[in-house]
Amino acid sequence: MKNLSPLKLIYTLLLLSSLNLFAQLEAHLIENQGWVKGNYVEIGINEKGVFGTKKNNKPTSFHENREFSNLLFGFIANPKKDNWVDYDGDFFTPGEAEEGFSIEIDGINHNNNNVSFFDGVMGGIVSSKKIESDCFESLAQIIWEGSVDGLQIKRSYSVTENGTFIQMITSISNTSNDIKKNVFFMHNVDPDNNVSLSSVYATNLEILSQPSASDDIALVMATQDAVGGVEDTDGSAVSFYANDKRAKVSFGGFSNRSASNIWNGTTVTNTIGATTFDDIAMSISFNIGNIAPKETKNFVYYYFLKEVDKTFVPIIVNISTSNPTECNGNDGSLLLSGLNANEDYTISYSQNGTPIPEKTYTTDNLGNIEIANLIVGDYSDFKIGDTTCTSKLDTTYSLNPPAPLNPTFLTKNPTKCDGNDGSIILTDLNANENYIISYIKNGILIPDATFTTNSLGEIEIINLIEGDYSDFKITYKSCVTQLSSTHTLSPPTPLNPVFSSVNPTNCNGDDGTIIISGLTDGEQTVINYKVNGTAAPETIYAPNSAGEIALNNLSNGTFSDFSLEYISSSCSRTPSDIIVLNGTTPFTTTNIPDQSFCDINFDFITNIQLSVVDNIALGVLSSSEFSVSYHSSIDNANNSIDLDKNNYNTTGIPTYSLFAKIKNNTTGCYEIEPFIILINTPANFEIEDLFLCKTTDDNFITPEIDTNLDDSLYTFQWYLNDVLLPETTPNIFINTAGTYKVKATTITTGCSITEEAEVIPSGEPDKLDLFLNSELFANNHTITINALGSGNYIYRLNDEPFQESPVFENVPAGFNTFYVLDENGCGETSISKTIIDYPRFFTPNNDGSNDTWQIIGIEYLTNPTVQIANRFGKPLFTLTKGSKGWDGFYNGIRMPKNDYWFILTYTNDYGIKQQVKSHFSLIY
Numbered sequence: 001m002k003n004l005s006p007l008k009l010i011y012t013l014l015l016l017s018s019l020n021l022f023a024q025l026e027a028h029l030i031e032n033q034g035w036v037k038g039n040y041v042e043i044g045i046n047e048k049g050v051f052g053t054k055k056n057n058k059p060t061s062f063h064e065n066r067e068f069s070n071l072l073f074g075f076i077a078n079p080k081k082d083n084w085v086d087y088d089g090d091f092f093t094p095g096e097a098e099e100g101f102s103i104e105i106d107g108i109n110h111n112n113n114n115v116s117f118f119d120g121v122m123g124g125i126v127s128s129k130k131i132e133s134d135c136f137e138s139l140a141q142i143i144w145e146g147s148v149d150g151l152q153i154k155r156s157y158s159v160t161e162n163g164t165f166i167q168m169i170t171s172i173s174n175t176s177n178d179i180k181k182n183v184f185f186m187h188n189v190d191p192d193n194n195v196s197l198s199s200v201y202a203t204n205l206e207i208l209s210q211p212s213a214s215d216d217i218a219l220v221m222a223t224q225d226a227v228g229g230v231e232d233t234d235g236s237a238v239s240f241y242a243n244d245k246r247a248k249v250s251f252g253g254f255s256n257r258s259a260s261n262i263w264n265g266t267t268v269t270n271t272i273g274a275t276t277f278d279d280i281a282m283s284i285s286f287n288i289g290n291i292a293p294k295e296t297k298n299f300v301y302y303y304f305l306k307e308v309d310k311t312f313v314p315i316i317v318n319i320s321t322s323n324p325t326e327c328n329g330n331d332g333s334l335l336l337s338g339l340n341a342n343e344d345y346t347i348s349y350s351q352n353g354t355p356i357p358e359k360t361y362t363t364d365n366l367g368n369i370e371i372a373n374l375i376v377g378d379y380s381d382f383k384i385g386d387t388t389c390t391s392k393l394d395t396t397y398s399l400n401p402p403a404p405l406n407p408t409f410l411t412k413n414p415t416k417c418d419g420n421d422g423s424i425i426l427t428d429l430n431a432n433e434n435y436i437i438s439y440i441k442n443g444i445l446i447p448d449a450t451f452t453t454n455s456l457g458e459i460e461i462i463n464l465i466e467g468d469y470s471d472f473k474i475t476y477k478s479c480v481t482q483l484s485s486t487h488t489l490s491p492p493t494p495l496n497p498v499f500s501s502v503n504p505t506n507c508n509g510d511d512g513t514i515i516i517s518g519l520t521d522g523e524q525t526v527i528n529y530k531v532n533g534t535a536a537p538e539t540i541y542a543p544n545s546a547g548e549i550a551l552n553n554l555s556n557g558t559f560s561d562f563s564l565e566y567i568s569s570s571c572s573r574t575p576s577d578i579i580v581l582n583g584t585t586p587f588t589t590t591n592i593p594d595q596s597f598c599d600i601n602f603d604f605i606t607n608i609q610l611s612v613v614d615n616i617a618l619g620v621l622s623s624s625e626f627s628v629s630y631h632s633s634i635d636n637a638n639n640s641i642d643l644d645k646n647n648y649n650t651t652g653i654p655t656y657s658l659f660a661k662i663k664n665n666t667t668g669c670y671e672i673e674p675f676i677i678l679i680n681t682p683a684n685f686e687i688e689d690l691f692l693c694k695t696t697d698d699n700f701i702t703p704e705i706d707t708n709l710d711d712s713l714y715t716f717q718w719y720l721n722d723v724l725l726p727e728t729t730p731n732i733f734i735n736t737a738g739t740y741k742v743k744a745t746t747i748t749t750g751c752s753i754t755e756e757a758e759v760i761p762s763g764e765p766d767k768l769d770l771f772l773n774s775e776l777f778a779n780n781h782t783i784t785i786n787a788l789g790s791g792n793y794i795y796r797l798n799d800e801p802f803q804e805s806p807v808f809e810n811v812p813a814g815f816n817t818f819y820v821l822d823e824n825g826c827g828e829t830s831i832s833k834t835i836i837d838y839p840r841f842f843t844p845n846n847d848g849s850n851d852t853w854q855i856i857g858i859e860y861l862t863n864p865t866v867q868i869a870n871r872f873g874k875p876l877f878t879l880t881k882g883s884k885g886w887d888g889f890y891n892g893i894r895m896p897k898n899d900y901w902f903i904l905t906y907t908n909d910y911g912i913k914q915q916v917k918s919h920f921s922l923i924y
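Residue numbers for the sequence shown follow my numbering, so the first one is 1 and each next one is one higher.
Worth flagging that the hints you see were computed from the coordinates, not collected in a lab. Since we're looking at a predicted model, the values are computed, not measured. In this text, a Cβ means the ideal position worked out from N, Cα and C, and glycines have one as well. Wrong hints could be hidden among the right ones.
To be verified - Ranges between beta-carbon positions, derived for each pair: (1) F312 with S133: 31 to 39 angstroms; (2) N699 with I616: 58 to 66 angstroms; (3) P674 with E625: 19 to 27 angstroms; (4) T486 with T558: 47 to 55 angstroms; (5) N532 with N442: 20 to 28 angstroms; (6) I375 with D216: 41 to 49 angstroms; (7) E625 with F685: 17 to 25 angstroms.
Please put together the full structure from these sequences, using the hints given.
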């Protein structure tokens, strides 16, 4: 060092002091947003857990992040370590601030992102603090916590005092009782590096490593070359890095929102060695797999803010936990990482508040120390020392027991009344493991027994009788789970017969019936009983779908000593019912003449009222003493299988017989009389709906409705809107819209049928308008056609096919013709509209296509001018109505590919001057 005069020495010391004003570790919490900085990295985390805090809250000690549009502070770095003369960033906030993460649960993504406001993870910053250490490099750390769909998410963001990286640790805990399946995590960023200096958004992207058989490193890097000058002499770099076989890195896309798609490389590039130069995103993703109830999964990854390769290792001391596998087990552990390899350290700590004496440990080749054989509990007050110093850690680390069991119970009832073949199945357990189970059966304790699950994680407790099973106690790996639920095994359907009877109908006949109901459909049943004291033969019956058995062909007598037994379940019953059948005296009836009906469906199936035959069937008999029922056969009459006399459908045969059963209501005796059913059909014709087309002079073309029937065989009555018309001919001519009906009656049978037709007015629209629903320069121009008239209309744009909707989406710019066609064939008309728009890009490469840029339809605007500027607002070109368009040159210099802005000024239809701003792309 040269000798300095006292004044120069004082000046030099003051200069060095001023250059190191920012050289300190800081942590701030301002308006629920976290700020931390080391000597060479400064970051801001917002309430979403995403980089990008409010710039107007920036602590005074933080450096300017060169953000000029979003007023957000993400992260900046000084990898040259030159007191922030040549520093990099803000890495993503200029322009569209794409940065954030996504949690995906079984195909559903929940995104927290600066530019995404939907389906996010609710949460917030819980702390922003410094973690001082005497021996190791101190940290400044922000903790964010949130939750979504039963998952608790904890994320820490740490910078070291002298590092040029950001460590991000994520813990995902399942707080629900359900397994969370197919969980993925993704962090996405659009790296813009030093765009605020270079005006270039594109970066050099490269996949440097993916997890493989040789190592588990995932590394993707985005770089930019130096801009020049003191502010950027060496370019810039930002990387995603993880040493985790579950991780993958990629580049591609922009607003990436599906974590599994990114991990699987569906829409991005993830091949090692792949490179590109583009303004696109880069991502890191993790395949977490399934997370069981109460289970926690952790992973660590980094932002590197200088150019590195896969051999770079971030140095940061950390402690991770491994829970015991049993409730009373001692196989838990704490892993200390980031220490020097193969060196001795003295460590002491407290276990559940009890001090554990100091002990010497030696790190392995990776710089790790494992404290093993630990039980469930809280571990705190760590002191870690080497030969030079001892450091205290004020963080508490918890080891948790295995998650409690939550099995699902399934029951199988006994198949016999007194059987013991019931069972209870426990599912959702671990496969091929031993469980000790006790429970209470019908109030009696069943002691512990050992069961082994099958490959599906199921246990079946067999040979159980009917009853209540409760208070299950399950012991697994020394963990005891008490379940208070009750599970009931029920016996087969009980046998509870109900008796009814029908007396013999012919007084001295043998057509009596005993009906036994309340039985199980199809259950084979053995029945024994006595008739007048004598045992009847044992018989096996199968109840019908109504659960009934009929004992038929019975004569008068006393029926007793019934015995019933289900064959399959051995359930039996001996009811005490006694049934007495008693027939009485016969009577005389009269003949019933043929009955004629009309069927308008022509299939000889029609609904008729048989009750109109009641008085004929009774003759001189009193309706108060006798009743009439109708049957399709004599057997059905004897067995009381009735037809519905008030709602009877004929069989489809023109002529057939039915049987009337006339019964004495007091004695139960009855007689049966046959009669003939005759089904006639009416005229078979149809009349069709018509359209009454309106002509241009508001008159109508007169159509004809014709039955095409012979008026010597039929008579006719015509109706308009249910008002009788004077016409009685087979046809009429129409000059009025409405509902027309004609009733045709067959002269020989009197069978009538009525047909109807609608006469509907139609024609071209009486009024035709169109409305532009979208704003000038909209991405989707929408036109609505308003056609008022009596017709049904379909619509067409230019030469496109007709459509039913009057709304047209994505109408092209320029002159357009809209056609309106009456679907009923009554005419077509049209209306036109010009859409004003602009090309979203142009390619001035003299290939004859898109070589210039101009407002489409500018010739239809009044007093239009267009001013074109670059993205920084510098005017480049002015267009008017007669201009051919901008060719991409400014002062003879071809402008670079980029976004350019323009302002259109014109006078609207109301004489008011208006301005519209937007942008377009120049592409080569």
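| T486 paired with T558, Cβ distance criterion 47 to 55 angstroms | holds, 48 angstroms
| Okay, N699 versus I616 on CB: inside 58 to 66 angstroms? | Cβ of N699 to Cβ of I616: about 59 angstroms, so the range 58 to 66 angstroms holds.
| request: May I ask you to test the hint 19 to 27 angstroms on the CB atoms belonging to P674 and E625? | output: This hint holds: roughly 23 angstroms between Cβ atoms.
| Is the hinted range of 20 to 28 angstroms satisfied by the C-beta distance from N532 to N442? | About 46 angstroms separates the Cβ atoms of N532 and N442, which means 20 to 28 angstroms is violated.
| said: I want to verify a distance hint. Is the separation of the beta carbons of F312 and S133 within 31 to 39 angstroms? | reply: violated, 22 angstroms
| field | Status of the given 41 to 49 angstroms range, CB of D216 versus CB of I375 | value | violated, 30 angstroms
| query | Is 17 to 25 angstroms right for how far apart the beta carbons of E625 and F685 are? | reply | Roughly 49 angstroms apart at Cβ, these two residues miss the hinted range, so it is violated.
Consistency note: the structure conflicts with the earlier hints numbered 1, 5, 6, 7.
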